[in-house]
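Taken in sequence, the protein lines are chains A and B.
When you line the first sequence up against our numbering, it's residues 1 to 953, in that order.
When you line the second sequence up against our numbering, it's residues 1 to 953, in that order.
Honestly, the hints are just simulated from the structure, not real lab data.
It is possible that some hints are incorrect.
No distinction is drawn between identical chains; accordingly, a pair holds when it is met within one copy or between any pair of copies.
As the list claims (entries may be wrong) - For lysine to aspartate or glutamate, the following EDC-like pairs were computed, each having C-alpha atoms within a straight-line distance of at most 16 Å:
1. K11 x E208
2. K429 x D158
3. K167 x E209
4. K86 x E75
5. K742 x E823
6. K728 x E363
7. K426 x E638
8. K814 x E688
9. K763 x E427
None of the values given here were measured: they were computed from a predicted structure.
2 protein chains.
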Amino acid sequence: MKAVYFFGNGKAEGNKDQKNLLGGKGANLAEMTNIGLPVPPGFTISTEVCLDFVRTGRYPRSLEPEVRAALAKVEKAMGKKFGDAKNPLLVSVRSGARASMPGMMDTVLNLGLTDETVQGLIAATGNERFAYDSYRRFVAMYGDVVLDLKPQTKEERDPFEELLTAKKQARGVENDTDLSAADLKELVGEFKAAIRKRTGKPFPESAEEQLWGAIGAVFRSWNNKRAIAYRKLNHIPDSWGTAVNVQSMVYGNMGEDCGTGVAFTRDPASGENLFYGEFLVNAQGEDVVAGTRTPRKIEEMKSEMPEIYEQLLDVRETLEQHFRDMMDIEFTIERGRLFMLQCRVGKRTGFSSVRIAVEMAEEGLITQEEALKRVEPEALNQLLRPVFDAAGKKAAVGEGRLLAKGLPAGPGAACGRIVFFAEDAKEWKARGEQVILARHETSPEDIEGMNASLGFLTAFGGMTSHAALVARQMGKVAVVGCGQLTFDYPERTMTVKTPKGEVVVREGDWISLDGFTGEVISARVETRPSEVVAVLVERSLEPRKAPVYRLYAKLLGWADQVRVLRVRANADQPDQSTASVAFGAEGIGLCRTEHMFFGPGKIEPMREMILAETVEERRRALAKLLPLQRKDFAGIFEAMGPRPVTIRTLDPPLHEFLPHERAEQEELAQATGRTLEQVQARIAQLHEANPMLGHRGCRLGISYPEITEMQAEAIFEAACDVAAKGGKPHPEVMIPLVGTAKELEVQAKIVRECADRVFARRKRKVNYSVGTMIEVPRGALTAGEIAKTAEFFSFGTNDLTQTTFGLSRDDVPKVLSSYLEQEIYAVDPFVSIDEPGVGKLMEWAVAHGRETRPGMKIGICGEHGGDPSSIELCHRLGLDYVSCSPFRIPIARLTAARAALRDGAKMSAPKTAPKAAAKPKAKKTAARPAKSNHKSTPSKAKPKAKTAPGRRR
Amino acid sequence: MKAVYFFGNGKAEGNKDQKNLLGGKGANLAEMTNIGLPVPPGFTISTEVCLDFVRTGRYPRSLEPEVRAALAKVEKAMGKKFGDAKNPLLVSVRSGARASMPGMMDTVLNLGLTDETVQGLIAATGNERFAYDSYRRFVAMYGDVVLDLKPQTKEERDPFEELLTAKKQARGVENDTDLSAADLKELVGEFKAAIRKRTGKPFPESAEEQLWGAIGAVFRSWNNKRAIAYRKLNHIPDSWGTAVNVQSMVYGNMGEDCGTGVAFTRDPASGENLFYGEFLVNAQGEDVVAGTRTPRKIEEMKSEMPEIYEQLLDVRETLEQHFRDMMDIEFTIERGRLFMLQCRVGKRTGFSSVRIAVEMAEEGLITQEEALKRVEPEALNQLLRPVFDAAGKKAAVGEGRLLAKGLPAGPGAACGRIVFFAEDAKEWKARGEQVILARHETSPEDIEGMNASLGFLTAFGGMTSHAALVARQMGKVAVVGCGQLTFDYPERTMTVKTPKGEVVVREGDWISLDGFTGEVISARVETRPSEVVAVLVERSLEPRKAPVYRLYAKLLGWADQVRVLRVRANADQPDQSTASVAFGAEGIGLCRTEHMFFGPGKIEPMREMILAETVEERRRALAKLLPLQRKDFAGIFEAMGPRPVTIRTLDPPLHEFLPHERAEQEELAQATGRTLEQVQARIAQLHEANPMLGHRGCRLGISYPEITEMQAEAIFEAACDVAAKGGKPHPEVMIPLVGTAKELEVQAKIVRECADRVFARRKRKVNYSVGTMIEVPRGALTAGEIAKTAEFFSFGTNDLTQTTFGLSRDDVPKVLSSYLEQEIYAVDPFVSIDEPGVGKLMEWAVAHGRETRPGMKIGICGEHGGDPSSIELCHRLGLDYVSCSPFRIPIARLTAARAALRDGAKMSAPKTAPKAAAKPKAKKTAARPAKSNHKSTPSKAKPKAKTAPGRRR
């Protein structure tokens with residue numbers, strides 16, 4: 001087992017693909033060396049040695065000679081000798097695990113300094129203060145890291161900090177930099193004395209002893225408390241271990257021809273293809289981090305250090321061509337010479353990830369497949385939603401205006417004046433105000449006020465509460481379940497419990513909601529609108545004037561070429577349908593008819609129907625609803641063209657439609673010629689202990705077949721109307737909450753008989769199908785039976801999750817926080833489908849459903865339909881489509897493409913052949929995508945049939 | 001294919017085992033003939049002919065010659081000729097399907113009468129009036145049945161009834177019997193004219209034509225509307241068909257040496273071994289049915305017709321020995337000669353079914369296995385519960401005192417004075433009153449008042465509502481979900497909507513509840529107490545003075561010899577535990593700890609705990625609860641001896657323990673030093689939209705680990721206390737509502753750590769295990785994972801049914817009635833486990849649980865544990881035990897035995913060898929049980945290990 005990997009002089013024993021063995025830092029140092037970048041020479045001790053050391057407490061026998069040999073190579077490359085009194089080699093010892101674990105493990109710099117070698121350093125640099133400053137830093141670091149003098153609690157104090165402070169007080173100075181070389185030299189002595197006192201042993205005066213001490217300390221740090229806790233939190237296995245990187249020191253603080261800096265090969269915020277970074281002259285890396293001096297923009301280097309700047313531009317080019325990604329680099333300039341200390345793939349915003357991926361693919365640096373893989377689907381939200389002006393938000397938070405934090409249920413940024421009643425939201429909007437609606441919780445009655453608001457804020461409910469669902473469907477910003485809020489509706493105020501006391505927010509106050517983070521800010525923070533929405537939905541911007549839209553369209557165009565899963569929208573209204581199509585919906589997967597019963601002229605006959613005591617009375621009320629539903633359906637069919645529209649029959653329990661307030665109840669009583677007592681009695685009668693498990697879904701249609709009849713009639717009449725005007729409507733009638741085959745049989749019969757009647761009357765036929773939601777476990781378990789009647793299945797994974805777990809999404813906040821904290825649930829099952837439970841039922845239902853009805857169309861229309869990890873599961877399960885809120889359609893399209901790629905799919909027709917990387921050294925990796933594209937011969941490519949999706953299984 | 005089966009002259013072509021081919025009536029007529037009983041000769045046309053005829057509309061070619069041949073044999077046996085003018089043979093033509101379908105299909109009597117043959121009948125009987133009376137009856141019956149003149153709607157009138165009425169008016173008489181022979185002769189003519197008018201054809205004057213007409217009519221009647229509807233209701237397949245029985249007529253109405261009667265070979269009500277029946281002299285069977293004359297007791301025949309009576313006693317003996325069961329017979333005496341017209345296994349009460357089965361086994365007539373198979377488990381209820389005095393109840397109902405009907409949730413009969421508050425029930429009971437507690441619904445707070453009541457009546461809730469559960473657990477009578485009731489608590493009245501208007505019941509009024517039927521009677525109906533309970537539980541009766549107890553003990557002793565499933569009790573208190581053991585419980589399968597938190601001194605610290613705002617505060621309150629729980633557990637361990645006691649940790653949501661009424665809330669506020677607002681705020685905070693799916697079960701223990709700790713400590717301390725006194729307690733700690741393996745891990749760790757602490761402190765160890773309930777689908781789906789921690793599973797099928805169907809048991813009444821009516825559910829899934837859904841999950845959990853942990857102990861503790869069909873399923877699934885309410889333990893023991901027998905089990909050591917049947921003719925069937933007993937050699941018998949049950953799979 002080789003333990004030590006040297007790098008230096010343009011040749012490394014390792015490479016970037018050995019991250020498991022050498023850690024991320026070590027692998028990239030080797031790679032940079034190999035591609036000719038100026039890396040200070042050094043060596044990496046492998047993670048295998050760490051694991052061995054952790055297990056046995058000892059180093060393998062081969063380690064010492066290998067370290068010795070590698071060190072000799074470093075000495076040779078640097079022309080210095082480790083521990084030499086004249087020309088000493090100094091090194092850094094750093095940990096470096098497979099995944100970045102920032103600040104979790106330990107580092108020692110300037111290692112190799114002793115009372116002897118420091119003289120050599122003075123001689124070599126001609127700078128005594130610099131040498132002693134380095135020395136005292138090294139002794140303190142070594143004491144902390146290797147000799148365990150680092151304070152373990154907040155109460156303890158660092159002995160070296162104490163001595164430094166005492167020294168500054170004695171000298172009457174304020175800054176470290178005001179201490180003289182002599183002061184620093186004294187400090188070295190005092191530090192060493194402190195170490196001897198605390199450990200009982202002298203500070204090691206042998207460079208070699210120092211080195212082995214530091215190596216052991218880094219390995220041991222893999223199992224320190226912080227590192228263990230971090231790994232647990234980030235799901236990093238203990239079995240990975242860390243590597244140790246020993247590298248010769250270079251100094252950016254030796255004078256005006258020295259410096260240090262960090263840079264990104266493209267702008268990490270905007271993604272723009274320009275060199276972006278900061279640097280400091282005569283400084284070490286820690287000065288940049290500490291923020292004691294303000295770094296300068298990298299462009300200024302052009303005039304200050306033109307040669308170095310040119311070199312850096314070359315490095316940038318080399319790295320991008322080689323790594324084929326935007327890289328984050330650290331560099332140091334020692335006496336006019338550039339050294340690369342680190343490089344890694346750069347972190348970026350969602351926005352820049354899209355721009356970088358698309359532009360790199362256009363540049364031919366990466367393939368379109370890679371571009372798709374590079375963009376996390378959620379990143380698209382930053383292209384679709386308004387976002388805050390970053391400076392504005394920072395300023396407001398800085399001023400202490402951050403009020404509270406809730407659940408980010410509707411992404412985006414919204415700023416407006418707060419109102420507490422849905423009616424007010426409508427009124428204020430009408431007079432031109434931007435409004436935010438805040439309520440304890442919202443209910444279907446609030447729907448119009450919600451439409452008039454830019455965002456919603458609620459105290460109650462989770463990620464699938466009413467406010468959250470509506471927000472995602474309407475594309476509004478929402479922060480929900482914000483428990484710190486209490487409402488005083490009569491006073492029109494909201495009180496917020498904050499750590500600093502209570503804050504009262506009054507009607508009309510400005511408030512800003514960050515739907516990405518859940519933050520609630522009591523200030524007016526400016527927002528930037530979404531180009532994509534302006535182009536596609538509002539049609540207020542021309543595409544050619546919208547560069548962001550161009551990126552979006554490009555990326556999603558590629559996604560559509562590769563994905564197999566179709567994407568539909570959950571939409572209830574014509575305008576939502578239009579927006580869905582603009583976002584690329586291939587149909588409607590869930591049209592909830594209950595939303596159609598709210599609003600003027602609709603809720604009244606609905607309530608009349610519910611209060612009815614006889615079938616005849618009920619039919620009379622339903623007859624009033626029929627034309628209203630028909631009109632809604634016709635609008636949707638028109639908007640969707642020939643795309644399928646899945647319409648769910650009435651689902652929620654009837655009591656949801658009745659008024660809660662006495663005044664409204666009185667109104668209702670008067671309007672329907674009843675007494676208040678009668679109305680209240682009916683409300684009491686409809687009360688349910690567990691409405692989620694109550695009289696709803698197909699159970700309503702079975703108790704009141706006339707409701708299903710009316711809805712079917714409205715659907716088929718609307719379809720005939722639209723067809724008569726030349727449309728090609730394609731309704732799919734979906735019966736909810738089916739648990740037994742017989743329930744569906746009974747309801748499907750009503751629907752089919754109704755279709756026959758309407759078609760006969762209209763002398764016209766329209767293509768339609770009847771299917772069901774699979775949303776209770778029994779529906780999944782008996783899917784084989786149900787498929788005898790069902791022509792399609794659609795998984796209602798919200799309810800399926802509730803019933804599979806026995807956990808109400810309305811009540812989930814009480815349970816969920818401690819569950820996620822204790823890692824009882826790895827992920828909120830209402831956000832991502834729970835694969836071992838809910839996923840198992842889905843798998844069962846797909847298998848048995850298609851056994852009965854081969855090739856059966858199966859989709860999903862729960863909220864999970866817009867969640868990337870759930871979409872991947874749907875792809876693996878062989879579903880035909882996912883359906884989600886309109887604003888999540890682009891995310892779903894991208895996720896579906898990524899799932900297909902992961903499954904081995906290839907682009908059917910790449911528009912740009914990626915060019916081979918420019919530099920010969922990068923051959924091995926850069927060649928891979930090109931190669932795989934050549935491989936995708938036409939016979940292997942999966943053409944995406946746009947009208948009839950081929951079944952995968 | 002043989003189509004016709006003759007019987008007569010002591011020899012039949014069929015036998016009793018051919019019910020599928022000959023129908024029940026035909027097979028038993030054949031059998032009676034074969035064993036030498038006097039059966040009027042005749043023949044049966046098989047069901048296969050019926051099916052053929054229904055399918056093709058034609059008879060098979062062979063039918064006519066076979067009928068002719070059989071008819072010839074009948075003629076020969078009777079010495080008469082069919083259609084002969086001198087000595088005509090008359091026959092009846094009756095349907096007879098495999099299962100009895102009373103009144104659903106058609107019968108024609110006196111067939112063969114024509115204007116010619118009637119003269120022969122006159123000559124043979126010397127009774128013109130009798131002959132014409134028979135003739136007119138025949139013509140009318142034939143017209144109705146064969147020629148379709150029977151009215152099809154209520155508005156239509158029967159033409160023959162009209163003519164008869166007209167004739168009586170014309171003659172100025174009131175009764176049919178007052179019409180003369182001449183009148184009747186005229187009527188025959190008028191009937192025939194009517195037939196000709198309506199059908200356009202003359203009445204058939206050929207006996208043969210009549211016969212074929214009648215045969216066809218009977219076959220066609222298989223598909224008449226009534227029959228189809230009846231089959232659908234009773235789940236009788238259309239594919240069975242009916243047989244046709246053609247039998248020579250005998251007459252009981254030819255004079256004083258004639259008669260007719262029905263009898264049972266034992267008393268069908270009490271089961272006593274005596275001949276029980278009724279007869280009429282000079283009458284036909286229809287006179288007994290019509291109730292125009294009051295029949296006399298069969299004993300009176302002894303003096304009146306001593307020879308016939310002796311013959312009947314012989315018949316009785318023969319039939320019982322042959323059929324080895326209590327039989328129901330019909331007979332006719334024609335001129336001093338006895339004829340058997342029908343025999344079938346007699347219907348009986350639950351009570352008599354036990355007595356007959358046990359006594360027949362003791363007599364050696366049947367085996368003990370057969371005795372077990374003969375008693376429907378639910379029949380035991382009649383031995384365990386008080387029952388109404390039948391005459392008393394009949395009288396009260398007759399007086400119109402039947403108020404309402406609800407769901408029979410707790411079997412038995414209870415009579416007492418009505419009260420509307422639990423406190424009143426306690427008070428009234430204390431002053432010696434018998435009380436019935438009536439409430440809109442009951443809640444855990446009512447528990448003491450419920451204990452003081454004989455029965456409960458509620459307006460709300462289903463078979464698994466709180467009142468129902470408590471009733472079954474306490475052995476109380478309950479009628480629940482009686483929607484016609486409304487309560488006015490301040491006025492202390494209950495108003496009942498009845499078809500005749502509203503009835504107001506006032507506090508203190510006498511009321512009687514029939515928990516077998518759900519009837520509510522506003523009267524004082526006397527009840528008879530249960531001997532079994534008096535002996536076993538109350539110990540107020542000596543066993544030797546309790547003959548019913550003897551039967552019970554005998555039967556259940558046999559059951560215990562054969563069953564494999566163990567039976568445990570759901571019991572929460574020491575007294576319930578003692579009763580459970582008396583009923584044969586082999587352990588406690590479910591001890592619900594929440595019931596222990598109600599009652600004085602307990603609810604207060606519980607509420608304190610719930611209101612606590614810090615862990616410390618909560619711990620202080622829990623410390624007060626600890627000794628109370630410990631005492632309860634110790635009492636249970638003492639009562640149960642070494643039997644396992646499964647204790648479930650706290651399950652219901654905390655809000656169930658907080659008071660609903662303002663006054664009580666104020667009290668609580670004062671007691672805990674809080675404001676009313678604070679208490680109400682906490683109640684509001686704990687409110688849940690769907691409590692069933694809320695913060696309950698192990699979720700409580702995860703949010704508040706200190707609750708689980710306290711409970712575990714109480715369990716193990718109690719166990720140590722009891723062990724210190726020489727007991728052998730065996731606690732099994734059960735964590736509820738587990739859906740993920742991690743939940744159980746977290747809770748099991750707390751329990752085990754607590755056990756270690758207590759054992760160390762007490763210097764004593766007690767055997768225990770930790771397991772979980774499988775009661776949400778996810779628990780079942782991930783059972784393999786959960787079994788890594790769980791040492792046992794117990795299915796909580798109540799909750800599992802709710803979540804699998806997505807149907808709340810509290811809200812189920814709104815849904816269930818129409819579902820059962822439309823046959824969407826074949827059976828209430830809260831009564832019997834739904835096999836295709838819930839059963840599938842159980843099967844999965846058993847398989848995967850035992851895959852992880854071979855031989856794992858698995859039981860059921862939901863309410864289904866006491867339901868026979870569910871117990872059978874549990875046996876098939878390989879469960880180790882069922883657990884049910886104490887009063888259902890005997891039922892469960894019997895059901896488990898029957899399930900084992902069905903599965904092929906044999907009695908291990910039969911105490912009585914059944915003697916071979918006495919009569920040689922009965923050899924074939926009577927020999928079977930003896931044979932099978934001889935076969936059960938010791939090696940094949942399954943000995944029932946009492947301490948370690950062998951696994952079946």
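How the hints compare with the structure:
no., hint, in the structure
1, K11 x E208, "neither (25 Å within a copy, 116 Å between copies)"
2, K429 x D158, "neither (59 Å within a copy, 76 Å between copies)"
3, K167 x E209, "neither (29 Å within a copy, 133 Å between copies)"
4, K86 x E75, "within (13 Å within a copy, 140 Å between copies)"
5, K742 x E823, "between (40 Å within a copy, 8 Å between copies)"
6, K728 x E363, "neither (42 Å within a copy, 80 Å between copies)"
7, K426 x E638, "neither (28 Å within a copy, 69 Å between copies)"
8, K814 x E688, "between (21 Å within a copy, 10 Å between copies)"
9, K763 x E427, "neither (46 Å within a copy, 75 Å between copies)"
In summary, the numbered hints that this structure violates are 1, 2, 3, 6, 7, 9.
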